[in-house]
Structure formats: C-alpha cells, structure tokens
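Asker: Sequence:
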Amino acid sequence: MEYRVALIGIIVENKESVPKLNEMLSEYGDYIIGRMGLPYKKKNVNIISIAIDAPQDVINTLSGKIGRLDGVYAKTSYSNV
112 MEYRVALIGI IVENKESVPK LNEMLSEYGD YIIGRMGLPY KKKNVNIISI
162 AIDAPQDVIN TLSGKIGRLD GVYAKTSYSN V
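Following this note's numbering, the numbering of the sequence shown begins with 112 at its first residue and continues without gaps.
The set of hints was computed from the structure by calculation and includes no laboratory data.
Be a bit skeptical, because a hint or two may be false.
[What the hints assert, rightly or not] Listed next, the in silico PhoX-like pairs over lysine-lysine satisfying Cα-Cα at most 20 Å (straight line): (1) K126 with K176; (2) K186 with K176; (3) K186 with K131; (4) K131 with K176; (5) K153 with K126; (6) K186 with K126; (7) K152 with K126; (8) K154 with K126.
[To be verified] Pairwise CB distance ranges, derived in the manner of DEER restraints: (9) G148 with Y114: 22 to 32 Å; (10) R179 with G148: 17 to 27 Å; (11) E113 with K152: 20 to 30 Å; (12) E138 with L118: 16 to 26 Å; (13) M112 with K152: 15 to 25 Å; (14) K153 with E113: 33 to 43 Å; (15) Y114 with K152: 11 to 21 Å.
Ideal placement from N, C-alpha and C gives every residue a C-beta, glycine not left out.
Build out the structure end to end from the sequences listed, making use of the hints.
Answerer: What follows is the structure in structure tokens.
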C-alpha cells in the first residue's frame, strides 16, 4: 500500500466538537507526523494543522470524518512524494 504525505487544515468553530476531534486524531495517531494548534481568540476559532503520512484512503477517511463534525471544517493538501 502506497503512503502519501499530506497536510490536513482544520478550522474549529464549535468547541463542543473538540473532544470528538481529539478522539479521532488519537485513533489515527500512528499515522500522524505532527500537530499544531492555534487558538484565535479574536474570532473565537481554533486553527489546527495535521501532518500525516498514510495511505490515501486513510487520509481521505480521517479528513471526511473530521469534516462531518458539527462546526468543524477540514481541507487536505497532498505532496507529490
């Protein structure tokens, strides 16, 4: 199975979804290279970036699950490596 490196950008507008988001990220923790979170208090949102090295279907599944959370938005960018 071919692995791809990707970046998942996440915007959290609904803080009630954070526990479920953290649970999902822990579930996929073996694939996650790193995570950076920035609270943007002025706009009352959190910005999270996830660097991941995983099979494309795993990345797509995680990104899709994140995007289905209430008040959470995700976009994925893939490397050519």
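Asker: If you check each hint against the structure, which ones fail?
Answerer: 11, 13, 15
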